[in-house]
Amino acid sequence: MKALPIVIAALAAFAAVRTRRRRRGRGSSRPRGAVAARLRDANLLGDTGLVAGREIRERVRGRVFRVVTIILFLVVAAVVVIPTLGNGSSETQRVGVVGGSAAFDAGLHELATSVGLSAVVVPAPDWKAARAALVAGRLDVVVDAAGRILVPKPVPPTGTSPTARFALTLASNMGAHRAFARAGLTPAQAAIVARARPVGVESLHPGRKARSTAETTALVGVILIFVVLTQYLTWTLMGVMEEKASRVVEVLLATVRPLQLLAGKLLGIGVVAILQAVALVAFALLVAEAVGSSVVQGASPEVVAAILVWLILGYAFYSWLYAAAGSLAERQDQVQSLALPLSAPLILGYVVSLTGVSSGNASLLVKVLAYLPPTAPFAMPTLVGLGAVTWWQFLLSVLVSLGCTALVALAAARVYRTAVLRTGSRVRLRELLPTFGREASSSAASTSR
Amino acid sequence: MGEALEVDGLTRRFGPVTALDGLTFTVPSGQVVGFLGPNGAGKTTTMRAIFGLTDLDAGSVRWGGTPVGPAQRRRFGYMPEERGLYPNMLVAEEIEYLGRLHGMDAGTAATATGRWLERLEVADRARSKVESLSHGNQQRVQLAAALVHDPEVLVLDEPLAGLDPTGIDAIGRVLVEQARSGRCVLFSSHQLDLVEDLCESVAIIDHGRLVVDGTVDELATGGARRLSVRVEGDRDGGWARSIPGAALSKVGGGEVRLVLDDAIDSDAVLDAARAAGHVTQFVFERRRLSEVFREAVGR
Chain A
78 MKALPIVIAA LAAFAAVRTR RRRRGRGSSR PRGAVAARLR DANLLGDTGL
128 VAGREIRERV RGRVFRVVTI ILFLVVAAVV VIPTLGNGSS ETQRVGVVGG
178 SAAFDAGLHE LATSVGLSAV VVPAPDWKAA RAALVAGRLD VVVDAAGRIL
228 VPKPVPPTGT SPTARFALTL ASNMGAHRAF ARAGLTPAQA AIVARARPVG
278 VESLHPGRKA RSTAETTALV GVILIFVVLT QYLTWTLMGV MEEKASRVVE
328 VLLATVRPLQ LLAGKLLGIG VVAILQAVAL VAFALLVAEA VGSSVVQGAS
378 PEVVAAILVW LILGYAFYSW LYAAAGSLAE RQDQVQSLAL PLSAPLILGY
428 VVSLTGVSSG NASLLVKVLA YLPPTAPFAM PTLVGLGAVT WWQFLLSVLV
478 SLGCTALVAL AAARVYRTAV LRTGSRVRLR ELLPTFGREA SSSAASTSR
Chain B
805 MGEALEVDGL TRRFGPVTAL DGLTFTVPSG QVVGFLGPNG AGKTTTMRAI
855 FGLTDLDAGS VRWGGTPVGP AQRRRFGYMP EERGLYPNML VAEEIEYLGR
905 LHGMDAGTAA TATGRWLERL EVADRARSKV ESLSHGNQQR VQLAAALVHD
955 PEVLVLDEPL AGLDPTGIDA IGRVLVEQAR SGRCVLFSSH QLDLVEDLCE
1005 SVAIIDHGRL VVDGTVDELA TGGARRLSVR VEGDRDGGWA RSIPGAALSK
1055 VGGGEVRLVL DDAIDSDAVL DAARAAGHVT QFVFERRRLS EVFREAVGR
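As they're listed, the protein sequences go chains A and B.
When the first sequence is numbered by this note's numbering, its final residue is 526 and no position is left out of the sequence of numbers.
When the second sequence is numbered by this note's numbering, its final residue is 1103 and no position is left out of the sequence of numbers.
Do not rely on the hints blindly, as some may be mistaken.
[Said to hold, decoys possible] Chain B stretches covered by chain A per the calculated footprint, using a threshold of three residues with CB under 8 Å from any CB of chain A:
hint, stretch
1, 848 to 859
2, 869 to 882
3, 904 to 913
4, 1036 to 1047
[Unchecked claim] Pairwise CB distance ranges, derived in the manner of DEER restraints:
hint, chain 1, residue 1, chain 2, residue 2, range
5, B, Glu-935, A, Arg-503, 20 to 26 Å
6, A, Asp-410, B, Ala-965, 25 to 31 Å
7, B, Pro-969, A, Val-145, 44 to 50 Å
8, A, Arg-503, B, Pro-969, 51 to 57 Å
9, A, Gly-139, B, Pro-969, 36 to 42 Å
10, B, Arg-919, A, Gly-123, 24 to 30 Å
[Said to hold, decoys possible] Just a sample of chain A residues kept apart from chain B, beta carbon distances all over 10 Å, derived:
hint, residue
11, Thr-146
12, Gly-176
13, Ala-213
14, Gly-224
15, Leu-301
16, Ser-323
17, Ile-389
Keep in mind the hints are simulated off the structure, nothing from the lab.
Here the structure is a predicted model, which is why all the values come from computation and not from measurement.
All residues carry an ideal CB built from backbone N, CA and C; glycine is no exception.
Assemble the whole structure, with the sequences as input and the hints as a guide.
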């Protein structure tokens, strides 16, 4: 339970930051000092920066964000901490020994290590006293060097609790030693026999090797990318839709260009998404380090980098599509039918990649999906985790994704510009096509921006 | 005095519908200009066109002789017909944000926001969410959002709709004040009596075309002369029924209303009235704007 204080401290720190921010929100929003004023006025990105700034402020301040973030942090803490619970003291077996010797005690330690435990040897004057200590809970196992073992609860042959593992190994070991003695082996011969190891068994098909650290990291990363993308893309979709529904977009577009407004919005939500993802990963690593969990310990750095790169690229690619979709609708029910076709490639990439990284093999499908921008955010980190991709292949996929994102952005901005000011029923893409043609042919006479 | 806003030959078609059909008029600076027309006449499309929110098939919008682009629009303030503010944002923060989008720095935007909220009597709601405000107060906030950056051109789509008399007075005062300080103020409304009180001039459009424009005085005194006459003891206006060139338009409550054609001298009417009895009222009437409007749009 040494994890608990750390988790509580982390949550308290998080809560403190939140409260401070909230207080600040309640007070005057005027800049406090000259530095703050200069920072606010030094708006490097122009209107896009202002739009992004508002988006970040409002999102982070929102109740949904607070609740979701707390839940995510709790889930991460649980995933990291729970497997380590119950280890603690019981990883050490307190062994009461009757009639032991230095050699016997050394043997007990060696035995405990062989099953991933450690032993504390407690010499007992006699069996009765040792039994009493076991009843009182001061010992986990009592062993008489003459050949008796006592545990609190019956131990099934397949038992996996620390005490069961220790007792079963101890029992078979002591049984073997008794047999060696009967067979008349010298201690040296007995030691050789006791250290016998089985020979390997070969098979026609290659077996599933143990999952490497890189693969585990990729697995966790693919899940993280999916969770973060799903959450923040939904925000993008709803955010654009709400701006249209509240008609505020008309006021904004009277002074900001559509591309600037859209880019600022996506940038703002994207920054919140990436910061949250980075905070979650850092939190997971910190907690894991503190409690000695093996879930994320020693995460492979290049896989972590690949996950981060593809989280950003995935968001960049999809956010334009979701924003364009949001501009077509102004009610919740209108948006449902739009979200489904968009999320289909997302889910495909996720499921195929998750299967790939779980099986430990890069299937042809994963390799193909790794070059398609809609699925690459999942498939490419998977290939990196599996070690099945070279740096130039990775770079190629990044370039393909960037190129497609630029094209998608242009098309999305166009749809957005035309659709976001049309109110009433949901705008169908079909309806926008003639507009595009007309725009192109009459651009000379148009005040279009 | 500032520059005039010119709308020149605006044409916009939506499929088979022609929303704007070569619409041309000018909003001089220093005046409140009422923008009138029946529903569907093209008022909102015109206002959107001024802000580049709709494409045009032809025509242009100029300010001070220069075609209006994004740089000019930063100096414009807009209040759309369908009010638009972020419902979840705090009033003051929202207005500051819109001010900054018009190029103000943070400090100036905050000061201007405070000033306008005070001026429009909603300063006590500065830290409330927009959605928690009443309709009238939201309207005031929306106007503050259009004014925060001290615009040279103010375009307001139905700014008085749904307001109580206090709200109408408050917003009306601001519009007149803005015009007096040399700005162009264009606002649309269906409340013609209010327009008559607030505006120096009007532009009336129908089917996307300008049908009448001019100062309110010109329009009120233009057209056929109208007389309102009262003769003591006369109830049915019998004396007025047979004057050549003077058509009886209304009789009621002892008042006789006549429309004179160009040929007749009003003295002839006065003589006829005197002949009928003691004349207690003899007034040339101004046309109400609503009459001008109905005449102009033919319904």
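- Query: A/Thr-146 clear of chain B by more than 10 Å, beta carbon to beta carbon?
  - Reply: holds (18 Å)
- Task: Take the C-beta atom of A/Asp-410 and the C-beta atom of B/Ala-965, compute their distance, and say whether it sits inside 25 to 31 Å.
- Result: Holds, since A/Asp-410 and B/Ala-965 (Cβ atoms, about 28 Å apart) stay within the stated range.
- Is the nearest CB of chain B more than 10 Å from the CB of A/Ile-389? holds (27 Å)
- Does the Cβ-Cβ separation between A/Arg-503 and B/Pro-969 fall within 51 to 57 Å? Violated: the Cβ-Cβ distance is about 40 Å, outside 51 to 57 Å.
- Can the stretch 904 to 913 of chain B be counted as covered by chain A under the rule of three residues or more with Cβ-Cβ separation shorter than 8 Å? Holds: 6 residues of the stretch 904 to 913 of chain B have a Cβ under 8 Å from chain A.
- With 10 Å as the threshold, tell me whether A/Gly-176 passes as away from chain B on beta-carbon distances. Per Cβ check, A/Gly-176 is outside 10 Å of chain B; nearest 76 Å; holds.
- Cβ distance range 24 to 30 Å for B/Arg-919 and A/Gly-123, holds or violated: At 25 Å between Cβs, range holds.
- Message: Please verify that the nearest CB of chain B lies beyond 10 Å from A/Ala-213's CB.
- Response: holds (62 Å)
- Task: Mind taking a look at whether chain A covers the stretch 869 to 882 of chain B? Criterion is 3 or more residues with CB to CB distance under 8 Å.
- Result: Held - the stretch 869 to 882 of chain B has 8 residues with a Cβ nearer than 8 Å to chain A, which meets the minimum of three.
- Message: Please check whether B/Pro-969 and A/Val-145 have a Cβ separation lying inside 44 to 50 Å.
- Response: holds (47 Å)
- Item | Verdict on chain A covering the stretch 1036 to 1047 of chain B, where coverage means 3 or more residues with a C-beta closer than 8 Å | Not satisfied, violated; 0 residues make the cut.
- Query: With d taken as the least Cβ-Cβ distance between A/Ser-323 and chain B, does d exceed 10 Å?
  - Reply: About 6 Å separates A/Ser-323 from the closest Cβ of chain B, which leaves it inside 10 Å; violated.
Hint violations for this structure: numbers 4, 8 and 16, all remaining hints satisfied.
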